[in-house]
Amino acid sequence: MNDLPLKRRFVSCSVLALILAATILDGLLSGGNVDRLLVATPAWHQLGLSAWAEFSRYADLGNGVVVYPAMALGGTAASVLAAILFVSEMRSVRGVGLPIALAAVLMLVALPFSLLATPFMLSLRHMDAGNLPALTSAFSGAHYWGRLQGVFHVAAFFANLWSIAAFAGRNPRERQVES
Amino acid sequence: MYSARTRKLLAAATLASGLLAGMSVDRTVVTMPAWSQIGALGWAAFSRHADLGNGLFLYPAEAILAALLVCGSAASLTIESNGWARMASQLYCAVALTLGALLITVKAAPLMLGIQYLNDPVSLQRAFEGFYFWGNLRAACHVLAFIVELGALSKLSSGALSSLKPASNRFETLE
Numbered sequence: 001m002n003d004l005p006l007k008r009r010f011v012s013c014s015v016l017a018l019i020l021a022a023t024i025l026d027g028l029l030s031g032g033n034v035d036r037l038l039v040a041t042p043a044w045h046q047l048g049l050s051a052w053a054e055f056s057r058y059a060d061l062g063n064g065v066v067v068y069p070a071m072a073l074g075g076t077a078a079s080v081l082a083a084i085l086f087v088s089e090m091r092s093v094r095g096v097g098l099p100i101a102l103a104a105v106l107m108l109v110a111l112p113f114s115l116l117a118t119p120f121m122l123s124l125r126h127m128d129a130g131n132l133p134a135l136t137s138a139f140s141g142a143h144y145w146g147r148l149q150g151v152f153h154v155a156a157f158f159a160n161l162w163s164i165a166a167f168a169g170r171n172p173r174e175r176q177v178e179s
Numbered sequence: 001m002y003s004a005r006t007r008k009l010l011a012a013a014t015l016a017s018g019l020l021a022g023m024s025v026d027r028t029v030v031t032m033p034a035w036s037q038i039g040a041l042g043w044a045a046f047s048r049h050a051d052l053g054n055g056l057f058l059y060p061a062e063a064i065l066a067a068l069l070v071c072g073s074a075a076s077l078t079i080e081s082n083g084w085a086r087m088a089s090q091l092y093c094a095v096a097l098t099l100g101a102l103l104i105t106v107k108a109a110p111l112m113l114g115i116q117y118l119n120d121p122v123s124l125q126r127a128f129e130g131f132y133f134w135g136n137l138r139a140a141c142h143v144l145a146f147i148v149e150l151g152a153l154s155k156l157s158s159g160a161l162s163s164l165k166p167a168s169n170r171f172e173t174l175e
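Chains B and R supply the protein sequences, listed in that same order. Residue numbering for the first sequence follows this note's numbering, beginning at 1 and increasing consecutively. Residue numbering for the second sequence follows this note's numbering, beginning at 1 and increasing consecutively.
In case anyone wonders, no lab produced these hints; they're calculated from the structure. Any given hint could be a false lead.
[Stated by the list, open to error] Okay, the calculated bits of chain B under chain R, using three or more residues with CB under 8 angstroms as the criterion:
no., stretch
1, 30-42
2, 61-74
3, 127-139
4, 156-168
Cβ coordinates follow ideal geometry from the N, Cα and C atoms, glycine included.
Build out the structure end to end from the sequences listed, making use of the hints.
Written out as structure tokens, the structure reads:
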């Protein structure tokens with residue numbers, strides 16, 4: 001009986017730590033996605049596909065090969081573990097459990113989109129700069145699936161922050177303001 | 001004691017800071033190393049359409065919004081804080097980092113704006129190196145501000161988690 005509060009404290013600390021880790025990773029992913037969606041992609045439309053392909057070989061197929069999957073997989077793992085721990089302890093996804101579960105679902109849904117975008121990006125490795133139809137297909141595919149993945153990453157980041165803010169809303173030290 | 005207003009302001013500030021930090025990290029870790037291999041001419045051609053295209057509106061708007069929100073949450077906590085001095089100092093740190101990033105932008109922005117009128121490779125290379133340097137410093141400020149704000153937000157949550165009670169009915173979620 002005595003170790004029940006201790007166990008609860010351990011679980012709650014673990015859930016919070018996992019949500020924080022997920023928020024950092026999903027936040028960093030989201031920022032990159034927003035930048036690509038609103039700034040970089042319109043610029044590539046103006047600059048042309050061969051410039052995009054050359055850049056992507058050094059960026060997405062350079063450091064991006066390690067950084068993007070590490071952040072996406074890390075963010076998904078942290079979100080899913082937080083949701084599993086919370087639901088197994090609280091046996092409910094109501095209230096504050098809702099954004100935790102939502103973040104995990106959104107990150108899981110984003111994964112297949114990342115997998116669908118990957119072959120288009122990898123195809124740039126051996127693509128001739130003059131092969132316009134292949135470049136067009138790679139650009140369209142990478143940006144179509146990348147955009148979808150980005151929307152889910154941003155939504156997951158929003159859900160992560162919602163979870164932390166929802167917990168804070170349950171804090172007894174929060175002053176109740178008259179409605 | 002703190003109010004829901006402080007919590008919501010801090011959550012919004014963390015959202016804006018997180019997006020800024022993500023943009024900066026992407027630039028520092030992936031984009032700029034790629035441009036350093038391609039060369040300053042390619043970077044300048046891209047930047048004229050990106051940073052001086054949609055970025056001209058998005059980047060300042062996001063940086064100013066993040067600064068306003070973090071200043072607002074720090075002010076809100078200061079007005080109502082009672083025994084939350086440590087958290088207030090944490091938020092002042094976030095304010096300093098966010099304003100520091102804005103000050104760094106004052107150094108970096110002229111380099112970016114200047115490439116509109118530059119064509120010779122030596123000047124473009126110098127602009128690239130300067131922008132890379134200041135961009136890395138700014139990225140450090142953005143990431144630290146994001147982490148500090150997230151830490152402050154989680155401090156509001158600590159204690160609330162362990163006070164939650166498990167659902168009495170195992171099948172509550174299905175009801």
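We went through each hint and held it up to the structure:
Using a Cβ-Cβ cut-off of 8 angstroms, 11 residues of the stretch 30-42 of chain B lie near chain R, which meets the minimum of three, so the contact claim holds. For the stretch 61-74 of chain B, the proposed coverage by chain R is satisfied: 5 residues have a C-beta within less than 8 angstroms of a C-beta in that chain, meeting the threshold of three. Under a criterion of three residues with beta carbons nearer than 8 angstroms to beta carbons of chain R, the stated coverage of the stretch 127-139 of chain B fails, only 0 such residues being counted. Coverage of a stretch by a chain is defined here by at least three residues with a beta carbon nearer than 8 angstroms to that chain's beta carbons; for the stretch 156-168 of chain B and chain R the count is 8, and the condition holds.
Violated hints amount to a single one, hint 3; each of the other numbered hints is respected by the structure.
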